[in-house]
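A.B. asks: Next come the chains, spelled out residue by residue.
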Amino acid sequence: MLKEKTLRQQQKLASFCRTNILDDDLLVRKDRVHHYRRLVFNIILDMMETMYPISMKLFPEGEWEQLIHRFFANYKCTDPQVWKMPRFLSDYIKTGEKEILVRYPFLPDLLVMEWKELEWFTNEDLEWAEINSDISSSEKRICFYFPEHELLILDYPVYRKEGPDFWKSNPGKYFLLVYRHPESRKVFYQEVDALSCFVWESIKEGKNKAVIISELNDLLIQQKLNNRFKAEFIFEKVWDDFLKLRLLKIQ
Amino acid sequence: MPNAARKNPIDSFKLTSPCLKKQGFFFIGYFMVGLGFRKDFAEEFLEKNFPTPDFIELAPENWIGMGGYWKKILDRAADRFKIFTHGLSLSIGSPDPLDIPYIRKIKKFLDDYQITLYSEHLSYSQCDNAHLYDLLPIPFTEDAVRHIVPRIKTVQDILERPLILENVSYYTPVAAEIPEHEFITAIIRESGCCMLLDVNNVFVNAFNHGYDAHEFILKLPLDKVAYIHIAGHEKVSDDLIIDTHGQDVIPPVYELLDYTLKFIKPVPVLLERDFNIPELDELDNELQMIRNIYSKHFSKAEIC
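Respectively, the protein sequence lines represent chains C and V.
All residue numbers for the first sequence refer to our numbering, where the first residue is 10 and numbers rise by one.
All residue numbers for the second sequence refer to our numbering, where the first residue is 119 and numbers rise by one.
Simulated from the structure, these hints should not be mistaken for lab results.
Nothing here was measured: the structure is a model prediction, and the numbers come from that model.
Ideal placement from N, C-alpha and C gives every residue a C-beta, glycine not left out.
There may be inaccurate statements among the hints.
[Stated by the list, open to error] As a list, the in silico PhoX-like pairs of lysine-lysine whose alpha-carbon atoms are at most 25 Å apart:
| no. | chain 1 | residue 1 | chain 2 | residue 2 |
| --- | --- | --- | --- | --- |
| 1 | C | K14 | C | K85 |
| 2 | C | K93 | V | K271 |
| 3 | V | K271 | C | K125 |
| 4 | V | K271 | V | K226 |
| 5 | V | K189 | C | K258 |
| 6 | V | K225 | C | K93 |
| 7 | V | K166 | V | K225 |
[Said to hold, decoys possible] Computed far set for chain V versus chain C, every beta-carbon distance over 12 Å:
| no. | residue |
| --- | --- |
| 8 | A195 |
| 9 | A196 |
| 10 | V292 |
| 11 | V354 |
[Claimed, not checked] Here are the simulated distance ranges between beta carbons:
| no. | chain 1 | residue 1 | chain 2 | residue 2 | range |
| --- | --- | --- | --- | --- | --- |
| 12 | V | T170 | C | I259 | 41 to 47 Å |
| 13 | C | F175 | V | K353 | 46 to 52 Å |
| 14 | V | E352 | C | F68 | 25 to 31 Å |
| 15 | C | R79 | V | P268 | 51 to 57 Å |
| 16 | V | I368 | C | K103 | 46 to 52 Å |
| 17 | V | A196 | C | E200 | 23 to 29 Å |
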């Protein structure tokens, strides 16, 4: 239904706003059309600065803005909700910004960590989920876990206070729990170890205590780390820790 | 003033599909002077219980899918106020296909909060599968009218509500072939949707493009106006105003509202303030200004 000419005009205006490339055939007032790009980037830059205050400070003056301009020119943001737009930045950097990645190899992790704070602050409310009734040793009590959390696996310790030089020089595997507190609804981070992650995921999968300890023990043997006693100890510690974090409750 | 133009267009909204006929009813009642509900002042606004607009308006995009703190805020607001909505990302004038799953999310949001009034912009914000997150002007062409009209009907069918479309501000026409008022009128008339008349946008456009705002108002389909917006703007040069929603409403825009109300049925009027938000008592002063103008034209009995 749209004529080719109308379609092209709309595409050229939208493309100009994203790329700053003004097609001579775009039939607009050339002295005013730049306001559209300026207004678009007022929104985009404001949103990015709000979302990524730590990442932004890594960059010398002007470079962050240039990065966001390149991102918006090259990456098609498909979500109609503008507040969800910043989450695409990490994906873009991983695939489209090799030079930035050399300078700041931890940047995708840092962006994810910053994004997750907002995501979990705003995520839809979830109901407490029941855990396998055999989990709680001798007592037959009903246990629930609070699903408003996520375990992040990071390649750099970007949650540590030491800062960019430390992050860059300590690549590895890091596990970070991000969760929304059931009462205060605030978002918190907590560093966890790999074995704790294994136990926690097993609890949520509905395995009973005996199975989890057995599997954990196998894992420890496989990794030449420990014995059965330590597996039980790890399980109990995870159980206590998550109770303290209010991500577990027993009724 | 002609009687036909004084009929509330939402009351006579043409129900074009079985689902709309089933819905069959649209009601505004006495909710007349409202305030844009923004996260920047949401908590203070609810705590102080001040100002006290007749309704609040929010952008569904900013609230859909939210839980936690913001859901609590929204629920508190919904307990206290009638909510109207003003969308940002429908992109009714886009060359891209409509985002049907997203429109269904809007529908669910409107149903969940029992919201009857959903308005949007006669513009586009998505192109080549990329969102711009701002409102771009549609070329004023007859083929654009033919492109948009069936899209409006689709949206109305999914939402089971009339779509109310706003005349947007613009800083340059884009490959225009017909006058702006003909473009707007054709879309409103041919689609059967309602119009959100933004008097500030008329003022801004009249200044920017050198026409008379009062004459322009009279060329619009005033019998289809279901909702009015008013806002502040910023003059950035001798010949250009930007529609910022970041300043107080200026006297000539109040005067244009006063003028407009002579020709239409009582419909809700919304004060928009998105940036540079002042103290709440200043916003209340602006609401009172609107109420004073409103009461010059309509008695409470007439509104109810």
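A.B. asks: Any of the earlier hints contradicted here, and which numbers?
C.D. replies: Violated hints (numbers, rising): 2, 3, 7, 10, 11, 15, 17; every other hint is consistent with the structure.
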